[in-house]
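For the sequence shown, the working numbering begins at 1373 and goes up steadily by one.
Treat the hints loosely; a few may be bogus.
To be verified - List of simulated lysine-lysine pairs, DSS-like, C-alpha gap at most 27 Å:
1) 1530 x 1593
2) 1530 x 1541
3) 1633 x 1529
4) 1541 x 1633
To be verified - Distance ranges between label pairs, derived from CB positions:
5) 1532 x 1421: 36 to 46 Å
6) 1630 x 1541: 29 to 39 Å
7) 1553 x 1630: 17 to 27 Å
8) 1521 x 1624: 19 to 29 Å
9) 1630 x 1522: 50 to 60 Å
10) 1624 x 1600: 50 to 60 Å
11) 1608 x 1425: 44 to 54 Å
12) 1637 x 1569: 43 to 53 Å
13) 1612 x 1562: 25 to 35 Å
14) 1473 x 1621: 42 to 52 Å
15) 1621 x 1521: 48 to 58 Å
16) 1517 x 1630: 46 to 56 Å
17) 1515 x 1473: 32 to 42 Å
18) 1378 x 1473: 41 to 51 Å
No wet-lab data here; the hints were simulated from the structure. All of these numbers come straight from a predicted model, not from anything done at the bench. Ideal Cβ positions, reconstructed from N, Cα and C, are used throughout, including at glycine.
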Amino acid sequence: MSVAVSIPLSTKQMVAEIDGAIGWMTFNKPERRNAVSLDMWAAMPEILHHFESDPNVRVIVLKGAGDKAFVSGADISQFEQARNSAEANETYDRVSEAATDALMACGKPTIAMINGYCIGGGLAIALACDLRIATDDARFGVPASRLGLGYGAPGVKKLMDLVGPSFTKEIFFTARHFDSEEARTMGLINRVVAKADLERYTRDYCATIADNAPMTMNTLKRTVAEISRGHEADWALCDRLVAACFESQDFIEGRRAFMEKRRPVFRGV
1373 MSVAVSIPLS
1383 TKQMVAEIDG
1393 AIGWMTFNKP
1403 ERRNAVSLDM
1413 WAAMPEILHH
1423 FESDPNVRVI
1433 VLKGAGDKAF
1443 VSGADISQFE
1453 QARNSAEANE
1463 TYDRVSEAAT
1473 DALMACGKPT
1483 IAMINGYCIG
1493 GGLAIALACD
1503 LRIATDDARF
1513 GVPASRLGLG
1523 YGAPGVKKLM
1533 DLVGPSFTKE
1543 IFFTARHFDS
1553 EEARTMGLIN
1563 RVVAKADLER
1573 YTRDYCATIA
1583 DNAPMTMNTL
1593 KRTVAEISRG
1603 HEADWALCDR
1613 LVAACFESQD
1623 FIEGRRAFME
1633 KRRPVFRGV
């Protein structure tokens, strides 16, 4: 049984722990259903840097503290101070976009483990992850049209890339909460599990991923990102990443393990 190791952070509203092959990032404000404040956005790239720097971490899981929410959105109680001018808005947007950009750029597989509410900024965080596993009582939505705020094109694109234009419009136009089954039908989430099974299922999923070759997964992540850029895709980069896999020690290990009928032990080199 592994022992989780905590990483010291500049805010108590976020918790970062390494437990075996999993890096756990926890939004730690259960009294406000884990609504994200500016310090929490700022801590996300810091946590991801720690996890990416540790070769033992193979998968990163994001979760919310308590049993009510993954992240219920941005902490609107901060808006009077944090978003009360054009300059303050620019700072807030820059910090929050840097957080989701860091999540999307992360070279390791990321999973949003969604329990309860996943609303607004929380949905933006979940969309920046590679996979989304949710409880059967989870709720999703974007309340922008109820707050009168504009939603930036990068965030709209992330949603539209997953669910398409029509569902994107429905989510924004109605501003209502969608249940897990609706979210799965849209393509918003990958898996729905019973509330009691969420962590066990996610840990088992992480174990499956952690057994696989890190370079292959990183290559796939970066290739998908390039393909999503359309005509601006760097195909030469994709080719170099594939070539690096074939030249790696992990490819040798994978071949030998296959021939010897054993589980491979990949090291990411």
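Structure-based check of each hint:
1. 1530 x 1593: 15 Å, holds
2. 1530 x 1541: 13 Å, holds
3. 1633 x 1529: 44 Å, violated
4. 1541 x 1633: Given that 27 Å is the threshold and the Cα spacing comes to 50 Å, the pair is violated.
5. 1532 x 1421: 36 to 46 Å: Check failed, 29 Å falls outside 36 to 46 Å.
6. 1630 x 1541: 29 to 39 Å: The hint (29 to 39 Å, Cβ to Cβ) is violated, given that residue 1630 and residue 1541 are roughly 47 Å apart.
7. 1553 x 1630: 17 to 27 Å: 39 Å, violated
8. 1521 x 1624: 19 to 29 Å: 53 Å, violated
9. 1630 x 1522: 50 to 60 Å: Taking Cβ atoms as reference, residue 1630 and residue 1522 lie about 52 Å apart, which means the hint holds.
10. 1624 x 1600: 50 to 60 Å: 31 Å, violated
11. 1608 x 1425: 44 to 54 Å: The hinted range 44 to 54 Å is violated for residue 1608 and residue 1425, with Cβ atoms some 27 Å apart.
12. 1637 x 1569: 43 to 53 Å: 29 Å, violated
13. 1612 x 1562: 25 to 35 Å: With a Cβ separation near 29 Å, residue 1612 and residue 1562 satisfy 25 to 35 Å, so the hint holds.
14. 1473 x 1621: 42 to 52 Å: 31 Å Cβ-Cβ, so the 42 to 52 Å window is violated.
15. 1621 x 1521: 48 to 58 Å: With a Cβ separation near 50 Å, residue 1621 and residue 1521 satisfy 48 to 58 Å, so the hint holds.
16. 1517 x 1630: 46 to 56 Å: Once the Cβ atoms are compared, 53 Å apart, the range 46 to 56 Å for residue 1630 and residue 1517 holds.
17. 1515 x 1473: 32 to 42 Å: The hint (32 to 42 Å, Cβ to Cβ) is violated, given that residue 1515 and residue 1473 are roughly 23 Å apart.
18. 1378 x 1473: 41 to 51 Å: About 25 Å separates the Cβ atoms of residue 1378 and residue 1473, which means 41 to 51 Å is violated.
The structure is inconsistent with the numbered hints 3, 4, 5, 6, 7, 8, 10, 11, 12, 14, 17 and 18, although it conforms to all the rest.
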